[in-house]
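Engineer: Sequence:
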Amino acid sequence: MNCKVMTYSNPKKLEQFEGFKPYTDVLHVCATKNMREGVYERYQKDQDEPFITAPIVSSIQLIECLLGDWYSSEVKLKQYLHLSDIIQNEGILEGNYLSSFRRNQIEVLETIRMMELSGVTPADFDSKELILSPKEDVFLKIWKNFENNPSVKAVRHLLTFNLKNKLKDHWDKIIVEMIENSYAKEETVFNKINHSVSYDRIVLHGFYFMTPEQQRVFSLLKNAGVNIVFLNLYDDRYPETFSFIEKFINGRHGWIDKNQWEIEKCTRLERTIADKFLGDFEGELVENYQKPVYLKVKDFQDFYAFLQDYETNLEKSKTHVNKTYLAPNADSLNDRLQEYYPELFKAKRHFLGFPIGQYLFQLHQMWSEEEKSLILTENGLFECFASGWLYDKETRNNARDYTKVLQDVLPFFQGCVTQESWTKRVKHLLAILENVVPIFQQEDDDSFQKRMSSPFSMFSQFATAKEDVLQIGRFIDLILRVAADLFGDGNKRISLSDHFSKLRQLVEASTPYIEQEILNEERVLIAQLKKTLQTTPYIGAFHVNDISTAISLYLSGHLKKDHQDEELIRPFIEIDGEAFKENGITHVTGLDENSLPYSEFKLPWPISEQVFHDVAKRNIPLSFLVLRNNCVKEITRYLVYNLLQFSEKLELSWMVQLEDKKNLDKAIYLSQLNLKPNSEDEVKQDELLDVKLEREITKQELDSFLAYPIDALAEFKFCPRRFYFSYLSGSSVTFQSEFVHEFLFGNLLKSIGALLPNLSDEKIKEEVFEIFPYWDEFKLNLIADGNLKYRYWAKKNYGGYTPYGIEEEFSDLRKLFLFPVLQNSKADEESKTVAAEIGHLYSQPGTVIPTLRTEFERQLQEFPIQMEATPSGKCRYCPHTQICPEAFHPVDDVERKRTK
Numbered sequence: 001m002n003c004k005v006m007t008y009s010n011p012k013k014l015e016q017f018e019g020f021k022p023y024t025d026v027l028h029v030c031a032t033k034n035m036r037e038g039v040y041e042r043y044q045k046d047q048d049e050p051f052i053t054a055p056i057v058s059s060i061q062l063i064e065c066l067l068g069d070w071y072s073s074e075v076k077l078k079q080y081l082h083l084s085d086i087i088q089n090e091g092i093l094e095g096n097y098l099s100s101f102r103r104n105q106i107e108v109l110e111t112i113r114m115m116e117l118s119g120v121t122p123a124d125f126d127s128k129e130l131i132l133s134p135k136e137d138v139f140l141k142i143w144k145n146f147e148n149n150p151s152v153k154a155v156r157h158l159l160t161f162n163l164k165n166k167l168k169d170h171w172d173k174i175i176v177e178m179i180e181n182s183y184a185k186e187e188t189v190f191n192k193i194n195h196s197v198s199y200d201r202i203v204l205h206g207f208y209f210m211t212p213e214q215q216r217v218f219s220l221l222k223n224a225g226v227n228i229v230f231l232n233l234y235d236d237r238y239p240e241t242f243s244f245i246e247k248f249i250n251g252r253h254g255w256i257d258k259n260q261w262e263i264e265k266c267t268r269l270e271r272t273i274a275d276k277f278l279g280d281f282e283g284e285l286v287e288n289y290q291k292p293v294y295l296k297v298k299d300f301q302d303f304y305a306f307l308q309d310y311e312t313n314l315e316k317s318k319t320h321v322n323k324t325y326l327a328p329n330a331d332s333l334n335d336r337l338q339e340y341y342p343e344l345f346k347a348k349r350h351f352l353g354f355p356i357g358q359y360l361f362q363l364h365q366m367w368s369e370e371e372k373s374l375i376l377t378e379n380g381l382f383e384c385f386a387s388g389w390l391y392d393k394e395t396r397n398n399a400r401d402y403t404k405v406l407q408d409v410l411p412f413f414q415g416c417v418t419q420e421s422w423t424k425r426v427k428h429l430l431a432i433l434e435n436v437v438p439i440f441q442q443e444d445d446d447s448f449q450k451r452m453s454s455p456f457s458m459f460s461q462f463a464t465a466k467e468d469v470l471q472i473g474r475f476i477d478l479i480l481r482v483a484a485d486l487f488g489d490g491n492k493r494i495s496l497s498d499h500f501s502k503l504r505q506l507v508e509a510s511t512p513y514i515e516q517e518i519l520n521e522e523r524v525l526i527a528q529l530k531k532t533l534q535t536t537p538y539i540g541a542f543h544v545n546d547i548s549t550a551i552s553l554y555l556s557g558h559l560k561k562d563h564q565d566e567e568l569i570r571p572f573i574e575i576d577g578e579a580f581k582e583n584g585i586t587h588v589t590g591l592d593e594n595s596l597p598y599s600e601f602k603l604p605w606p607i608s609e610q611v612f613h614d615v616a617k618r619n620i621p622l623s624f625l626v627l628r629n630n631c632v633k634e635i636t637r638y639l640v641y642n643l644l645q646f647s648e649k650l651e652l653s654w655m656v657q658l659e660d661k662k663n664l665d666k667a668i669y670l671s672q673l674n675l676k677p678n679s680e681d682e683v684k685q686d687e688l689l690d691v692k693l694e695r696e697i698t699k700q701e702l703d704s705f706l707a708y709p710i711d712a713l714a715e716f717k718f719c720p721r722r723f724y725f726s727y728l729s730g731s732s733v734t735f736q737s738e739f740v741h742e743f744l745f746g747n748l749l750k751s752i753g754a755l756l757p758n759l760s761d762e763k764i765k766e767e768v769f770e771i772f773p774y775w776d777e778f779k780l781n782l783i784a785d786g787n788l789k790y791r792y793w794a795k796k797n798y799g800g801y802t803p804y805g806i807e808e809e810f811s812d813l814r815k816l817f818l819f820p821v822l823q824n825s826k827a828d829e830e831s832k833t834v835a836a837e838i839g840h841l842y843s844q845p846g847t848v849i850p851t852l853r854t855e856f857e858r859q860l861q862e863f864p865i866q867m868e869a870t871p872s873g874k875c876r877y878c879p880h881t882q883i884c885p886e887a888f889h890p891v892d893d894v895e896r897k898r899t900k
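Letter 417 of the sequence shown, counting from 1, is numbered 417 in our numbering, and no numbers are missing.
Fair warning: there could be bad hints in the mix.
Below are the SDA-like pairs computed for lysine to any residue, each with C-alpha atoms no more than 20 Å apart in a straight line [unchecked claim]:
1. K135 to W605
2. K676 to P292
3. K4 to P292
4. K765 to E808
5. K45 to K4
6. K164 to R201
7. K779 to I752
8. K247 to N629
9. K144 to T111
10. K372 to Q419
11. K602 to L132
12. K427 to D477
13. K649 to N10
Now the in silico label distances, taken between C-beta atoms and shown as ranges [said to hold, decoys possible]:
14. K291 to H157: 51 to 57 Å
15. Q407 to K45: 47 to 53 Å
16. G254 to D172: 23 to 29 Å
17. E738 to Q866: 24 to 30 Å
18. I883 to P677: 32 to 38 Å
Please keep in mind that the hints were generated in silico from the structure rather than gathered at the bench. Cβ atoms here follow ideal geometry from the backbone N, Cα and C, with glycine treated the same way.
Generate coordinates for the entire structure from the input sequences, incorporating the hints supplied.
Structural biologist: If you want it as structure tokens, here you go:
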């Protein structure tokens, strides 16, 4: 019998556990990366004589080293392309299953890979006892064709016949690789551990359950003669909770039954909150229990409140003890954190996390299977510009420098996707900029004159320089040429090696021109990408859409192994690693009412629950997925017990509002233990945020502000922050929002009608519609008919003129373009109030300007960095909504009304 199971009751006292002492020099394999870190920190790190002298590694490191390149993204890429070719074969798919399997192709691949490692083959589904659905029949046909994949045949051969030989012939290399992946050479312990440890005995630590892959590989190691020693936490006082472990580790599964385990008896005398927790489930009344010395409970209002706490800890961690974050919903929280701290996700930031990856990714999104042609969307175009990898060699311009220009002109390109539509629209815009816009401007006009004289000055696309539009057009042509070179017309199949060769040439050709733009970290990835593109062998030709999709997945990291070891927030399921650590703070967040206990894990697509359970009855590794779902509540209780029993400094939190969920209560386990949020002194924090800068405001400063033209003072009246952005920060003062453009378009029609009373409505529409080719006839007529009837209203209310300087004056119609809210009868009350105040300023400036002097002084005194924002419904009529962090957005209107 080459299996042994030992349990301990205290992770921090393994050195006192007599049963473990003979195994301190045996390869130590931990279930998770976090447990590996915990065991390493407690029993090896910075120790002159480490208690554990053998290498400590994680299970995924061992399995990856044993299976070779099975987990590499390159192998997954080739598998994905092979699978694409099979699915594309119309003889394989029946009915309407093509789109379904194409849409879920990555899940299909993962299901096949998991089945293969579990030792399941298509033959296992041929039993007459199984009643397969048509979709499952299709899946089996695909899988049978996929069995010829070289990597599948290789891993099957290894696991069926050759694992013992691999251990014998390559163990030294495997150990070196695992040590290099687990230790830094500069660590003091690096030279103190045994680099030549044998494979005759292996300790498996923390496997209270196992995945199908782990069960299969560990069983095969045992069959190859390796002595397997399981080492697990176990508290014999709570058999109903800990009994789930024996459902995985028992004689039927190739290990040993519980009556043969070596179980350390728990001798802990003091009762803790963890005992209270499990006692409630096992019918034991626990009173007078101890809580962790440091225990805080916090209900964050939302993710941003949590982010503030995280940022505070990030600063403290530079000089204080680190805090470890874990959460049941770690994946979604890490995705949000990565938006704010991409530099902290270095391992996760593969090609898609860098400009080069974004550029190549967007190029590979341009092939449309539905259109059977290349398409260029507004988002794809913007991402290519922002990447910095789009460079015009002739004009020596980088598209990244034109992202703001692109953002300004994009409203004019609504609906453009094909090369023809983009080219046609560029020519149309140039014609307007050459023949229409200049009529309203003089070459020597200053910025105020340009804005006051032209009805087009507030349209972002018409306020753009002709030269910039020409350059935008050149960049668009360049993108489409590059994409056409990569994909052709889509009629020919593309070989992966040829495609990689083109990509390599593209990268190499662009690099010299953007050398200054490339980040240091990006240089490493570019070198890695070039190496990959150079060495990938020929594996056949594929349909252009398959190549496009596969490369997109490759660049986005979906074909890469999980990098949870680099996540800022660890999955709660890895909490057992924290039990070994000392001095640090363990913070578990996401503990809302929907978090714990864990729900069942989803089964692989497209296998139904009934069929999966039937197959699992005949395959032990596969049955472990069913077992895990059956034991999910006990597993959750085990994890919470571990957290409460061994955490010396503990913080528990949840977010009251998370994504689309509101008013979330705490997890049921927190309620069970009567754990409530601690009252914290938030007043001091608010006081720090509201510190005012005391200084004297000079008369000269105030006079300079009041010297601005009345239009500028009207913008100040609209919102001081708008004035700041428009006149002090140098921000562009044009509208990009389609919502506001509709008002401006209507005002343009009214203004022309007011200025040219003899021109018919139909003639006005005929002339003006030409300037707005991106809206259809229905929309144009709808807006026109609703506005032209007010042409005489515009003449009556805005037919006057405002003097500027000594000799000039400008039509009051300009106010309708500067403040679209002035004539919106359906605006909210706050917007109407502001509109009335602006109207009063224009009509009686002498009575209003003195009050503005006092308000300017208050702004300079109380808001010395940025003038005050006064957000309300009027924000939608402001040109700076996109850059103002305090702006109100229409999408939040309902929620604001509800909480008001």
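Engineer: Look at each hint and say if it fits the structure.
Structural biologist: Right, here's what the structure says about each hint:
A distance of roughly 10 Å separates the Cα atoms of K135 and W605; the hinted pair therefore holds under the 20 Å criterion. Under the criterion of a C-alpha separation no larger than 20 Å, the hint pairing K676 with P292 is consistent with the structure, at around 15 Å. Taking the CA atoms of K4 and P292, the gap is about 34 Å. The hint is violated against a cut of 20 Å. As the CA atoms of K765 and E808 are separated by approximately 30 Å, the hinted pair breaks the 20 Å bound.
Our distance criterion of 20 Å between C-alpha atoms is broken by K45 and K4, whose separation comes to about 27 Å. Using a Cα cut-off of 20 Å, the hinted pair K164 and R201 holds, with the two alpha carbons roughly 14 Å apart. Pair hint K779 plus I752 holds up; C-alpha atoms about 19 Å apart against a cutoff of 20 Å. Simply put, K247 and N629 have alpha-carbon atoms about 12 Å apart, close enough for the 20 Å limit, and the pair holds.
Annotation: proposed proximity of K144 to T111 holds, straight-line Cα distance about 13 Å (limit 20 Å). Pair hint K372 plus Q419 holds up; C-alpha atoms about 13 Å apart against a cutoff of 20 Å. Under the criterion of a C-alpha separation no larger than 20 Å, the hint pairing K602 with L132 is consistent with the structure, at around 19 Å. Taken as a hint, the K427 and D477 pair is honoured in the structure, with Cα atoms around 13 Å apart against an allowance of 20 Å.
Only pairs whose Cα atoms come within 20 Å are accepted, and K649 paired with N10 is accepted, the gap being roughly 17 Å. At roughly 55 Å, the beta-carbon separation of K291 and H157 lies within the given 51 to 57 Å, and the hint holds. Evaluation of the 47 to 53 Å hint for Q407 and K45 yields a pass: the beta carbon distance comes to about 50 Å. At about 27 Å, the CB distance of G254 to D172 agrees with the hint of 23 to 29 Å.
A beta carbon spacing of about 27 Å between E738 and Q866 agrees with the range 24 to 30 Å that was offered as a hint. With their beta carbons about 35 Å apart, I883 and P677 fall inside the hinted range of 32 to 38 Å.
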